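Chemist: Keeping their order, the protein sequence lines are chains A and B.
Residue 1 is where the first sequence starts when you use our numbering, and the numbers rise one by one after that.
Residue 181 is where the second sequence starts when you use our numbering, and the numbers rise one by one after that.
Among the hints, a few may not be true.
Here's a subset of chain B near chain A, in silico, CB distances under 10 Å, partners left out [as the list claims (entries may be wrong)]: (1) 198; (2) 208; (3) 211; (4) 224.
Calculated from the structure, these hints are not laboratory results.
Since the structure is predicted, the reported quantities are computational estimates derived from the model, not experimental observations.
In this text, a Cβ means the ideal position worked out from N, Cα and C, and glycines have one as well.
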Amino acid sequence: MAQQPDSALVVAAMSGDADSFTELCRRYYPAMVAIAHAVLGDGHLAEDAAQHAFAAAARRLPELRRHDRFAHWLAAICRNRARDMARARKDLRAADDLSTIAAESHQDGRTDAVRDAIAGLSDAARELIYLRYYDGMSYDQIASVLGISEQAINGRLRRAKKKIAAHLRRNGFVETRHER
Amino acid sequence: MNDDRDDHRLDGLISQAIDSKRPVFDAERWKQAHPDAVDALISLSDKGGADPAVRRPGVWRTLAQSRLTQAAAAVVLLGLGIWVFHGEEKPTAGRIVSGSVLVRSGDTDDWTRQDAGEGLAAGDDLRVDREVAVVELVDGTKLTIGCGTVLVLTGGPDSSRTGVHLRSGVVTAKVTKPAPGRGAFYVESSQGAVRTLGTEFTVRMADHILIERRLAMRGVLPIAPQIMAVTVITGAVELRADGKTAVVEAGSSGIAIHDEVPLTGPAAEAVMRQLLVSSQVTGPMRPSLQTHDECLATLFGALGAGRLKFAGSCAERIADLWQMVGMMTRHGSDPTYQAKIDQELQALREKAGRVRLHESRALLLEHGEASMDWVRGLRDEAWVDEIAHVFKQVEEYGEELRNGGRRGGVEGSAYMEHCLPGFLTYCEWFKRLPWDDPSRKMTPAELLAGIERDLRIARRETQYAQISQGSRYPDRCMKQARKNASKLLERLGGEDDPDEARGKLCKTLADRIDTLMESVSDLEQRTHKQQRKVRDSREAFRLATEEMTDDGKTVGDALAQQIDEALETCTKLLEEISSR
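For reference, chain A alone in the conformation it holds in the complex (with noise of 0.2 Å):
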């Protein structure tokens, strides 16, 4: 089953099948969990939220018309989900949680400093950073789950990266030069 493509299994879970949905539970479940800690800040908060988006998705997958695009409709079903959680919080910047897990890490100030920066990205942006860096996933697997071209992955990432370099010179850390 974990061999299948994205569709078999699509279709196979809107026939009733319910270990086909939780196999691509389990093939997106770091991504969404990327997705949502981009939002909320927090991991814990952050797998609350993937598991209420696949819930939440099993309700409505005979919503779902194009069995390709499963893992992009996942991905707006959880974001949807984090923010009406981080809204519930009245929570929603990312910055405070990542500030103050800087602040009980006691890191060096160049993490801090990465980490104000990814806080300061627009959404977009830092969603993009969580999925490279957290996920650890490929420009592929990205593009499926945002719906996007690699190109544009690769010039969005290229952009955030360029602003957090940036952020950090104007920190005092002068060694990255992507700014340039």
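Given chain A, work out where chain B should sit, using these hints.
Modeler: Here is chain B on its own, set in the frame of chain A:
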């Protein structure tokens, strides 16, 4: 070379900053935490699934092609035919004992009326529109379904569990002990689930409740679009929401809101009382206004229907105030209007202090204060275009506020939250206008700030669906952004001057906003379509944003991306303006 090394170093820094372990999905735990989702999946096989070719594994397809199997199937079909011919009912999930029920089966949109004695299948949507109906399920559970209730039977005779999905209204369940091998009866809803522990209980869904709960861990939850309340008559039930469970014993109540820990005990009782108060109140206002605030509901209950207008007059008074401000723009500066506005604001502040509107009160007070300052700042010689623009804005916001106030308190509160910061921004602009030079127009930077603000609100609304009218609000923001963009284009010289980078950028921005208008109109249509399926307009808006476009993106993502691009252009334009 150095760049590559820097790149790797930065990769390392980011990985270190994010620093997380790869999460592992525990399917069994997920299934236990979300039995309703698993049931929903399993029930798909009852409905026939998506593709018969894939539904069966290969071995079954092979068997289906063998002659022996075909002969056996013929015998089975003959047997089934005889069974049906002898007048046995189709496999049912239950039957109507008394009353009549509107039933919608499978994929059809048609409702058919069924009366006592008729069978009901698993997956049927039931709507009770006359008095009360009693339905007996296959496992002997008796459901007393209140008028106006909509629910779905989610478990059939072949399913391991029997239950209902309650969409709205109220249902009382008298549950029998489940047969060996069958799970406990359950009632689920969008907010949570109730699993019986051998009991009789009532579950009620209520729309648009504003609950202010100061839970130590969670801060304040301002608006819950729907709430699930259970009252246990005998035995006990397990109430589940947000993956947490709580046992509710006989004689007490519990409340579930989808992403909150279930409420039980006195806190739940308080909310239940609020529901009862609201259901007893009649009058010109919709129940949503009556129930949006615990204090307001109590106040209404105490005052009685005849005096409802008193409590609701805040919204009316604000609307009157806006109207008066609008009159000033049309009829020039009239000292009597200023005096009247002062008087209205004073009255509003006093009233806001008396009517306990929780968060709204603070907003009203803040608004009153700012408005007072603003009115005091008015001067005769200040009637320039910008003032007319500001007043037009105020009038539009006032209109939204008035509509929101009339439709219901939740919408009203949401509108206040959105309108007032905007109003205050305009007040700020008003103060900054160069009153000594009436010929001067609003600066490009101020216009651009207006565009940015409207785009951001549109984006926020698209993402979070905060206002129940959904797509209407982004639409209005876009219109305003377009208006400001055209003014800005005019101010910057537009595309006529090819050397002006800012003119070009402004033209790009105006084009992007035009495209956005089309997307918002598409979103509006999708929302209307969804609204035919779900009652809650906010939910309809959310579902519309989750739909897929032809190029494989969700509508919300596509729109948010377009808005982001427009905002990026705004930033570039601002840099361009500032650099000159």
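Chemist: Next, verify each hint and record whether it holds.
Modeler: Okay, the hints, checked on the actual structure:
Annotation: residue 198 of chain B was flagged as interfacial toward chain A, and the flag holds, the nearest CB pair being 5 Å apart, inside 10 Å. Here the hint on residue 208 of chain B is kept, as its CB sits about 9 Å from the closest CB of chain A, short of 10 Å. Nearest Cβ of chain A to the Cβ of residue 211 of chain B: about 7 Å, under the 10 Å cut. The hint holds. At a threshold of 10 Å, the smallest CB-CB gap from residue 224 of chain B to chain A is about 4 Å, leaving the interface hint in force.
The structure shown violates none of the earlier numbered hints.
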